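Asker: Chains as they are written, first to last, in our numbering: chain A, 1 to 261; chain B, 1 to 331.
Calculated directly from the structure, the hints in this document are not laboratory data. Just so it is clear, the structure is predicted and the values come from calculations on it, not from any experiment. The C-beta atom is built at its ideal place from N, Cα and C for all residues, glycine as well. Any given hint might turn out to be false.
Claimed, not checked - Simulated pairs of lysine to aspartate or glutamate, EDC-like, Cα-Cα distance not exceeding 20 Å: (1) B:K250 to B:D187; (2) B:K175 to B:E200; (3) B:K325 to B:E289; (4) A:K103 to B:E129; (5) B:K175 to B:E50; (6) A:K103 to A:D90; (7) B:K105 to A:D90; (8) A:K103 to B:D90; (9) B:K250 to B:D216; (10) B:K325 to B:D285; (11) B:K105 to B:D187; (12) A:K103 to B:D116; (13) B:K191 to B:D141; (14) A:K103 to B:D131; (15) B:K105 to A:E182; (16) B:K249 to B:E326; (17) B:K105 to B:E160; (18) B:K249 to B:E200.
Said to hold, decoys possible - Incomplete in silico selection of chain A near chain B, CB under 10 Å: (19) A18; (20) F97; (21) P104; (22) P141; (23) R251; (24) R254.
Claimed, not checked - Covered by chain A, according to a simulated footprint, are these stretches of chain B (three or more residues, beta-carbon under 8 Å): (25) 96-104; (26) 123-131; (27) 210-224.
For reference, the chains in residue letters:
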Amino acid sequence: MKHWTWMLFTRSLRTSFAERAAYRGDFILSFTVSFLLELITPLVTLLIYNAGTSFPGWTMEEALLIQAVFLLARGIAFPLFFGMVWIVFDQAVQGTFEITLLKPRSPLLLTMLRGIDIEGFSRMLGGILLVAFTVNRLPAPPLSGWLLFILFVSLSILILFGFALILAASLFVWIGNARVIELMESILVFSRYPGTIFAKPLQWAFAVGIPLSMIALFPAEALLGRFSIQMFFAIPASLVFAGAGYLFWNRMIRRYAGGGG
Amino acid sequence: MQIDVTGLTKVYTTWNRGSTFGEVIKSIVHRNKSEVHALKGIDFSIDKGELVGFLGPNGAGKSTTLKILTGVLYPTAGNVTVLGVCPWKDRKKYVSQIGAVFGQKSQLVWDIPPVDSFMMNQAIYRIPEGDFRRTMDRLTDMLAVREQMMQPTRNLSLGERMKCEFIMAMLHNPKIVFLDEPTIGLDVIAKDKIREFIHEMNREGVTFILTTHDLDDVERLARRVIVVNHGAIVFDDEITALRRHFGAKKIVTASGATACFCDDAGRELPLPAGVTLLNRLSPTDVELECDTTVTDLSALIRLIGDTSGLRDLSVQELPIETVIKELYNRD
Chain A
1 MKHWTWMLFT RSLRTSFAER AAYRGDFILS FTVSFLLELI TPLVTLLIYN AGTSFPGWTM
61 EEALLIQAVF LLARGIAFPL FFGMVWIVFD QAVQGTFEIT LLKPRSPLLL TMLRGIDIEG
121 FSRMLGGILL VAFTVNRLPA PPLSGWLLFI LFVSLSILIL FGFALILAAS LFVWIGNARV
181 IELMESILVF SRYPGTIFAK PLQWAFAVGI PLSMIALFPA EALLGRFSIQ MFFAIPASLV
241 FAGAGYLFWN RMIRRYAGGG G
Chain B
1 MQIDVTGLTK VYTTWNRGST FGEVIKSIVH RNKSEVHALK GIDFSIDKGE LVGFLGPNGA
61 GKSTTLKILT GVLYPTAGNV TVLGVCPWKD RKKYVSQIGA VFGQKSQLVW DIPPVDSFMM
121 NQAIYRIPEG DFRRTMDRLT DMLAVREQMM QPTRNLSLGE RMKCEFIMAM LHNPKIVFLD
181 EPTIGLDVIA KDKIREFIHE MNREGVTFIL TTHDLDDVER LARRVIVVNH GAIVFDDEIT
241 ALRRHFGAKK IVTASGATAC FCDDAGRELP LPAGVTLLNR LSPTDVELEC DTTVTDLSAL
301 IRLIGDTSGL RDLSVQELPI ETVIKELYNR D
């Protein structure tokens, strides 16, 4: 990475922090609430298992691991690049996106950096703690399991990046649609639970169609030493999904005409 | 030529629907498409160091032209070469050499001091530290905002904020700067300071393209004016030629010792050919428009002196607002 891009990244982080620090009380409260909300997300799983039912073929700790990985991946994706969805949302409504286009840098990079959400790092913290907690209660994974886990988490973040690109890009033409995040959250629900609760065709769809299983299920399975053929088809599918998101972003940006004129 | 535009055309597609409930429901499944011809093949060129006023009524096509010139918008047809490159094909290389100030769109981050936004621009434009400090110091001194740039943007007055917007746009030493209503909402002192700054930068060789509805800005800054209306250029010449565009007209305000061009009963008397009564201030005081190609100005003044006994007289150029209004009203 060239030092100018590194400088841009660090200054964007500083700007984001300075912006939030301008309203300290709100920042501290929001950070704490987001952190606590992340920690209670697996509550549903705990309730299911405490009620005597279970996900077929999965112990409570194993099911919790999927959700911990989901929170970790989302915890990395949200503060780093999901903010760009709201940046495009605001700028497309106000017709100010051309200011980004007037800068001699990739509009994607600038929008992503402008959208860095310091507060969102509370989600990352929550995700790390939950992964550490659940892994600690399971048999120690081998090194190969950890390596595969790192690869799959990277692909998971790539898929979430693809989602962020598709949502942000859709806002260039679907101006002012605040429901896009809800729409995505509804889709991501399918990635939080063991694949065994879905029918076989859906399991394949979530592996090679929209590779939702790569977001949390497959990285968790890598740590648990469970392997399936779908897992390996999901690797190229994840790359294709992120690539499609990038192409869609570029296509939509060409259609941006801004306000006025 | 620094900017060369030929046959620039932009056609937008818009969707129409009626306002009744039935039409709103119908629009969910079917919308009527219509085309808007925002630019109809315009041509112009601008040299290095020019300061051009780009005028037009709302919806005339000037914002579309500026967006294309800045590389933000793709045209439907036509060629544009600015600083030797095509703005929308070689965007990154091109925009590193231009700057822009929008009176109604801020580049500053609202909750942090402008100096932090300047530092973001340093990283974006890859400005070496020494050059950045030198340019920032010079610009902040010129615009007298050294203290203000350390305060959160939201605490600054509009004038102070606009000055910081100018610094943002000039930090990387652009060759061309696009100004879109840069003095909108400012008080006279702030306007003067900003105009002085633009003049100074222009003297140093920076080309400025100014879009505004404030004709005072145009008169005080621009040497050349391009007027766009209905997607076509309706005037492109020196600002002095703009005043002569509808004939060599002068505004004559005369005060007579007795009634001027009216009888004792207050009825208006016929005026010489080429002379129009603009405003009757009193029976003895009138404001006239004189087309000097039809009636000689000295003959008119003599006539007023002979018939009413001239007490006071002022002769002014036709206000630019009048000329612009006539241009805008033409089909």
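Asker: If a hint holds in the structure, say so; if it does not, say that too.
Answerer: Status of each hint after checking the structure:
1. Distance restraint check for B:K250 and B:D187: the Cα-Cα separation of roughly 30 Å exceeds the 20 Å cut-off, and the hinted pair is therefore not satisfied.
2. Of the pairs offered as hints, the one joining B:K175 and B:E200 holds, with about 14 Å between alpha carbons and a cut-off of 20 Å not exceeded.
3. Proposed proximity of B:K325 and B:E289 is supported: the alpha carbons are some 16 Å apart, at most 20 Å.
4. The straight-line distance between the Cα atoms of A:K103 and B:E129 is roughly 19 Å, inside the 20 Å bound, and the hint therefore holds.
5. Of the pairs offered as hints, the one joining B:K175 and B:E50 holds, with about 11 Å between alpha carbons and a cut-off of 20 Å not exceeded.
6. Of the pairs offered as hints, the one joining A:K103 and A:D90 holds, with about 18 Å between alpha carbons and a cut-off of 20 Å not exceeded.
7. Taken as a hint, the B:K105 and A:D90 pair is honoured in the structure, with Cα atoms around 13 Å apart against an allowance of 20 Å.
8. Restraint check for A:K103 and B:D90: the C-alpha separation of about 12 Å stays at or below 20 Å, so the hint holds.
9. About 19 Å separates the Cα atoms of B:K250 and B:D216, which keeps this hinted pair within 20 Å; it holds.
10. A distance of roughly 26 Å separates the Cα atoms of B:K325 and B:D285; the hinted pair therefore is violated under the 20 Å criterion.
11. With a C-alpha separation of about 18 Å, the suggested pair B:K105 and B:D187 falls inside the 20 Å cut-off, and the hint holds.
12. Between A:K103 and B:D116 the CA atoms are separated by roughly 17 Å; this keeps the pair inside 20 Å, and the hint holds.
13. At roughly 17 Å between alpha-carbon atoms, B:K191 and B:D141 fall within 20 Å of each other, so this suggested pair holds.
14. This hinted pair checks out: A:K103 and B:D131 have alpha carbons roughly 19 Å apart, not beyond 20 Å.
15. Restraint check for B:K105 and A:E182: not satisfied, since their Cα atoms lie roughly 29 Å apart, outside the 20 Å limit.
16. Between B:K249 and B:E326 the alpha-carbon distance is near 13 Å, which keeps this suggested pair within the 20 Å criterion.
17. Taking the CA atoms of B:K105 and B:E160, the gap is about 15 Å. The hint holds against a cut of 20 Å.
18. Restraint check for B:K249 and B:E200: the C-alpha separation of about 32 Å exceeds 20 Å, so the hint is violated.
19. Interface hint status for A:A18: upheld, as the beta-carbon distance to the closest one in chain B is roughly 5 Å, under 10 Å.
20. Satisfaction of the interface hint for A:F97 is found here, the shortest Cβ-Cβ separation to chain B being roughly 9 Å, below the 10 Å cut-off.
21. Evaluation of the A:P104 hint against chain B yields a held restraint, the C-beta minimum of about 4 Å falling below 10 Å.
22. Below 10 Å, beta-carbon pairs count as interface contacts, and A:P141 has none with chain B, the closest being about 40 Å; its hint is therefore violated.
23. Given hint, A:R251 at the interface with chain B, is violated; its Cβ is 12 Å from that chain's nearest Cβ, farther than 10 Å.
24. About 7 Å separates the beta-carbon of A:R254 from the nearest beta-carbon of chain B, less than 10 Å, and the hint is met.
25. Counting residues of the stretch 96-104 of chain B whose beta-carbon sits less than 8 Å from any beta-carbon of chain A gives 4, enough to reach three: the coverage restraint holds.
26. Residue count for the stretch 123-131 of chain B with a Cβ under 8 Å from a Cβ of chain A: 4. That meets the three needed, and the coverage hint holds.
27. Requiring three or more residues with a Cβ within less than 8 Å of a Cβ of chain A, the coverage given for the stretch 210-224 of chain B is violated, as only 0 such residues are present.
Violated hints, listed in ascending order, are 1, 10, 15, 18, 22, 23 and 27; each of the other numbered hints is respected by the structure.
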